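Chain by chain, the residues run as shown.
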Amino acid sequence: MARVLVLFAHPRLEKSRTNRALLRHVPRRPDITFHDLYERYPDFNVDIAAEQAQLVAHDVFVWHHPLYWYNAPPLVKQWIDLVLAFGWAYGPGGTALRGKAMGHAVTTGGPEAAYQAQGYHGFTLAEFLRPLERTVTLCGMRWVPPFAVHGTHRLSDADLEAAGERYGHWLSTLADHAGAPAATP
Amino acid sequence: MSSLLVQAVVYLAAAVVCVPVAKRLGMGSVLGYLAAGVAIGPFVLGFVGREGADVMHAAEFGVVMMLFLVGLELEPAKFWRMRQTVLGIGAAQVVLTTAACAAAGLAIGLPWQAALAVGAALAMSSTAITLQSLKEKGLLGTAAGQQSFAVLLFQDIAVIPLLALFPLLGAAPAAADAHGAGLDHLPGWMRTLAVLVAVGLVVLLGRFVIVPLLRSVARTRLRELFTASALLIVVGIALLMQGVGLSAALGTFLAGTILATSEFRHELESDLDPFKGLLLGLFFMGVGASIDFRLVSDAPIRIAMLTLGVMAIKAVVLLGIGRAGRLSLDQTLIFSVGLSQVGEFAFVLLAFAAQLAILDGAWTGTFMAVTALSMALAPIVSFVSERGLLPRVGTRAKPARAPDTVDERHAVIIAGFSHFGSTVGRFLRANGVAATILDNDSDRVDLLRKMGFKVYYGDATRADLLEAAGAREASILVSAVDGLDAAQALVRTARRHFPHLTLMVRARHRMDAYELMDLGADRVYREHQDTSIRLGVDVLRRLGHRAYSAYRAGQQFAKYDENAMGKLAPSRHDLAQYISNVRQEIALQEALLTADLAHDPTAGDHAWDSEEMRGAITGRPPAST
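Taken in order, these protein sequences are the chains called A and B.
Everything in the first sequence is counted per the working numbering, starting at 249 for the first residue and increasing by one.
Everything in the second sequence is counted per the working numbering, starting at 14 for the first residue and increasing by one.
Simulated from the structure, these hints should not be mistaken for lab results.
In silico SDA-like pairs for lysine to any residue, Cα to Cα no more than 20 Å straight-line: (1) A:Lys325 <-> B:Tyr564; (2) B:Lys467 <-> B:Ser431; (3) B:Lys148 <-> B:Glu399; (4) B:Lys580 <-> B:Leu532; (5) B:Lys580 <-> B:Arg539; (6) B:Lys572 <-> B:Thr544; (7) A:Lys325 <-> B:Arg565; (8) B:Lys572 <-> A:Phe292; (9) B:Lys572 <-> B:Met524; (10) A:Lys325 <-> A:Arg378; (11) B:Lys91 <-> B:Leu166; (12) A:Lys325 <-> B:Ala560; (13) B:Lys572 <-> A:Asp291; (14) A:Lys325 <-> B:Trp621.
Predicted model only: the values in this text are computed from it and were never measured.
Just chain A, same shape as in the assembly (with noise of 0.2 Å):
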């Protein structure tokens, strides 16, 4: 068992279908918090003592957002700016989200054959996300391989609740098995 916290990150939801619909499937169980930093913070002032209180209090965390020039939106740098502070995440002390779990769950336009070594963009999703990766690496954290939902624009309805499952059902396996501590980092 394991506690999880989705992270979500979307500027403007209102005009993403997909994402409404990854919404809309996310398990409402007591140990997964949904946690709308837009929302929260549209002056991205950040409230770093509730963020790290709300980390502490969690074991798996997902950051969930659409890939934007092949980035987070502005909010998640900010949000690990201000909150994945040294001496509380990293560097000397900062062994607070040590043996925790983190990873993404990420909407593209483009569809996956673009993300490939061969293909449209040149690199996987995973590779994108390297700067990322190692930030959870940092703070001492296993790195979770990313959810993906991919081509949303051509995305049927009925495909988009399929994605809505598909996700659902992530984060249960997240709550349910990832939680147990990995292998010492």
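Model the placement of chain B on the given structure of chain A, informed by the hints.
Leaving out everything else, chain B in the frame of chain A:
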């Protein structure tokens, strides 16, 4: 007929010439009208002679109308809130000053009735002069300002019973029959009954006839008809009151207070105000014309001594009241010097006393001259007290003892430390920026000094005080003073004497902002702008909009609004053709709203909009869900 027209031309021309000159000299319109009256009177140009008395008779109606408006403005709720100050300090001032002046009157040989009437008249202070000067200096909110207001309010009310009491003084025979006061028992009894009936009638009329009447008139939407009804009310009640031998002023005042709570209060006020202004102007001109200048020129020293004596008595009484009311020393000084002149009501009371033959012509002329002279002296006296006296007592202009900060110069000066300025100051201090503060509320200055702020006490619109506060070395002057007048004066002074300063100025609203920009303020901050947009953003959120989208929309709108303000600034001068500010404001509002129609609040804000992208890729129009 033609002589009526000639007279009208004489009076109007005198007013049109003299009042603007007096205003320009900073003396106020009352003195302007007086001067106009003197000019056309028998002792200068001689345009009006004996018939001046008839004009006075008509003009006295201006007084009746003024009291109706005083009644209208007497909001019961406001009065109730201030009742202790008004009844305590106000009553003390009127009673003690009347007594002191009456005693002095007896001493210089007036009969007791005349001394009492003169004392009461001299106890009045000038509402126009005092409030205007408090407002200009931004002192209305201080303890001294509040108490001055209370005293003036009480004086306004006290005029009514005084007008009712004067006939009793006049009715007394010249012989020393002090107690009888000339009242036969039966007529007195009847008279009381008549008074009670008349007053009751006015109250009932106000409640059950006038308000429904005004409602039906308002429904016709004919503005002149409403004005006519307003005049009808005043004239009708005055007539009723005279019918029962009561003061017309008392009746209209009563009617005013009854209508003060009706929805027509503001409309009545604005409709009658021009009539009141003109008739009062006429009244003051009549007063000016009837001052006997031979008296003044025969005994200039006597008049001067009397004037100074009266002002001294008034100031001393007020000083005592202020100290008893635990005002600090400098607040007491502002309060007592500010109210030491004799006011326009004194003309009313003196003229009334003369009419009742309580006062003879010579004394009436003398005291009218004293009143006028004290009003002319008022600005000079307050200037002397402000420069010569205030810096020496109580709160000193400079921080008293701060040895290590004497040479320390701050880059920022904040003028005005009420709600607005104190927030700016606290924010800067929280971020390690020390600012020099200028404030003219001595109580607040004392508190701030205790809290370790560097505070200069005094009028921030004075160049020498700005200089003392280090304006020459500072780089930014923040104007957070209350009110447009003070802000304008500050910007003007700072621009003229310290052109290197960046002036960051608080403005109440758009109209004020334009005025201040015209004077050379570098940055103008409208008080409501951020707050109202923030509120609008929260409304969007409550309606279910995403927080970040609402936040961005607010930011965009603030930027757009700021730009629109800059764009409209030049065209504002085209709007100056509108005589009234309100009309100008509405025209400006209209220009803004028109510009809003052409403005797309989401233009250029399509980042992260996947629907738009999807539409472009799939060739389908963006879905709305």
